[in-house]
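Undergrad: Here is what each chain is made of, one letter per residue.
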Amino acid sequence: MSSLRRFNFSTVMLVLGLMFLYLPMLVLVVYSFNASKLVTVWAGFSTQWYGELFRDEQILSAVWTSLRIAFFAASMAVCLGTVAAFVMTRYGRFRGKTALSSMVTAPLVMPEVITGLSLLLLFVQMAQITGWPADRGMATIWIAHTTFCSAYVAVVVAARLREVDHSIEEAAMDLGSPPVKTFFSITLPIITPALAAGWLLAFTLSLDDLVIASFVSGPGANTLPMVVFSSVRMGVSPKINALATLIILTVSLATLLAWFFMRRNETKRKSALQEA
Amino acid sequence: MKSSRSSALLKRLKLGRRVVIAFPLVWLTLFFLLPFALVLKISLSEAAIAIPPYGPLLEYADQTLHIFLNVGNYLFLLSDSLYIAAYWGSVKTAFIATVACLLIGYPMAYAMARAPARWQLLLLLLVMLPSWTSFLIRVYAWMGILSNSGLINNLLIGLGLIDSPLRMMNTQFAVTIGIVYAYLPFMVLPLYAHLTRMDNSLLEAAADLGSRKINTFIKVTLPLSMGGIVAGSMLVFIPAVGEFVIPELLGGPDTLMIGKVLWEEFFLNRDWPVASALAMVMLLLLLVPIVWFHRYQSKELES
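One line per chain: the protein sequences are A and B, in this order. Following the numbering used here, the numbering of the first sequence begins with 1 at its first residue and continues without gaps. Following the numbering used here, the numbering of the second sequence begins with 1001 at its first residue and continues without gaps.
Source of the hints: derived by calculation from the structure; they are not laboratory data. The beta carbon of each residue, even a glycine, is placed where N, CA and C say it ideally should be. Accuracy of the hints is not assured; some may be wrong.
Cβ-to-Cβ under 7 Å is the rule here; a few derived chain B residues that face chain A [to be verified]:
(1) W1027
(2) P1035
(3) G1055
(4) T1133
(5) I1137
(6) I1238
(7) F1244
(8) L1262
(9) S1298
Only part of the chain A face toward chain B is listed, based on derived beta-carbon distances under 8 Å [what the hints assert, rightly or not]:
(10) L18
(11) L21
(12) G96
(13) T105
(14) V109
(15) L119
(16) R263
(17) N265
To spell it out: a stretch of chain B is covered by chain A in this simulated footprint if at least three of its residues, at any positions, have a beta carbon under 8 Å from a beta carbon of chain A; those stretches are [to be verified]:
(18) 1106–1114
(19) 1145–1152
(20) 1158–1168
Input sequences plus hints: build the corresponding full structure.
TA: What follows is the structure, given as structure tokens:
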């Protein structure tokens, strides 16, 4: 009876909502194995588009560019975002706090065209005054991505910092541990899972960005979304379906792995609690 | 002796604190705040055939300092009905998509928060997973579904329900569905966070006192999840107003949106001052929602 009652309105909506989210991606995956060049007509199973994808020099070099930018942007964003989160949750009141917290939350919702345009104007002005950056490219994309990704990292890390028991850090400092040592030996190990989550989020955000990168990039630095976009604009192409399938596969595997570890930790914690 | 050492230590601590605060503050001021001042500056300059393509605001000649503040770009936006239509189209589309996201996302988040504890993490990951793949590719997926020779039309024709394909691609409908699809996870996440934190004893108390389910929902659950509704709606509405990719790929000539107009003004017409003025007006329109979101978010960050 109770299992029957569970099929209420919200459960039905959850199932329908998940179908809405996943069916279009499933369609992409299915048609990546289509033999026909016409994406919408089924003409038998084939893996030829994967072969073509791996022979496409332009896409491969764009993947490499995007991965490098995402790696360095995510790493810098974790440093910047963690310090911002630490300052906001642990430092009480200080001058510039309102400014800092506004600048941390605003990038979360700022339309990308505005961020992209404003950063481009900054780089142009900087080049006029200081001579750097003479050429826009990977370095300018790295700065732009670091800036907006650090806001996401700050939100994730601040959430974790608020959960953590503050008294351990205070105890360490009462016993004479300097703040820097306390941070690296007490705070950092506790918030490491949040840093990893923040890094991964920043990495995917950087890999995914088209609009901001298009504004601040110059000739020679084409990221993967820029190449995909110029191809997709012309219409549907099975090669892009193959690429989409590989992206979906990678993200799904990573998520599955994360789920497995989180569940294992949860079970461990529960059994430890029961033993205690 | 001892006191001078401790005061030196205190000084070092204070200096350290300042350095730590300065690192994010300086970076964000330089790369987030300062750029907006430049957008304002360029929006007041005159377009020029030069590199970069705009004129100076200050000029010193014949012992006179000339200050040029050109409001022509703003007047131009007002005089051309295209821009007003684009702003209106963006706000309207973003609003409809936000309401649709809320209507779909709220029951989803509600069901997730009520699901057995061991299911919740998996459901949350399932909702968020699409947003970690690729935005561009998820919008692209709808091109294959909605086009004239796309999946839905093929299916309907195959079933004999229609004779000629329905025109769904390059319409307002396609843009709205694209925004709902792309932004739905960002609506569900804050709603779920609020609903799952809710104290269940309040619902039990209401039930014990004889309140009907729908009444409890309206009087207890809905007000308690208001923070999540505001956060989720702003996370969808604000970026959707400036959306470029979705109207570019799924929209058509009759779906004017300001993000796309700005992009074209910048990349095709190379009119940087008008693009900057467009950005400033968009920012002005979004100021109230952004401040609203910020107030909610800083409460979350500092509580």
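Undergrad: Min Cβ distance, A/L18 to chain B: is it shorter than 8 Å?
TA: holds (6 Å)
Undergrad: Have a go at the B/I1137 hint: is there a Cβ in chain A nearer than 7 Å to its own Cβ?
TA: holds (4 Å)
Undergrad: When the nearest CB of chain A is found for B/F1244, is that gap smaller than 7 Å?
TA: Constraint on B/F1244 satisfied, holds at 6 Å.
Undergrad: Go check the segment 1145–1152 of chain B versus chain A for me, would you? Three or more residues, Cβ under 8 Å, otherwise it fails.
TA: holds (count 5)
Undergrad: For the segment 1158–1168 of chain B, does the count of residues with a C-beta closer than 8 Å to a C-beta of chain A reach 3?
TA: violated (count 0)
Undergrad: Verify the interface restraint on A/G96: the C-beta must sit less than 8 Å from at least one C-beta of chain B.
TA: Given a least distance of 5 Å, the restraint on A/G96 holds.
Undergrad: Report holds or violated for the interface hint on A/T105, using the least CB-CB distance to chain B and a cut-off of 8 Å.
TA: Interface hint status for A/T105: holds (4 Å vs cutoff 8 Å).
Undergrad: For the hint on A/R263, just tell me whether its beta-carbon gets within less than 8 Å of chain B.
TA: Status holds, d = 7 Å.
Undergrad: Does B/W1027 hold up as a contact with chain A if the rule is Cβ-Cβ below 7 Å?
TA: holds (6 Å)
Undergrad: Can we keep the A/L21 interface hint, with Cβ of chain B closer than 8 Å?
TA: holds (5 Å)
Undergrad: Count the residues of the segment 1106–1114 of chain B whose CB lies closer than 8 Å to any CB of chain A, then report whether that count reaches three.
TA: Satisfied; 6 residues make the cut.
Undergrad: Minimum Cβ distance from A/V109 to chain B below 8 Å?
TA: holds (4 Å)
The structure shown violates the earlier hints numbered 3, 17 and 20.
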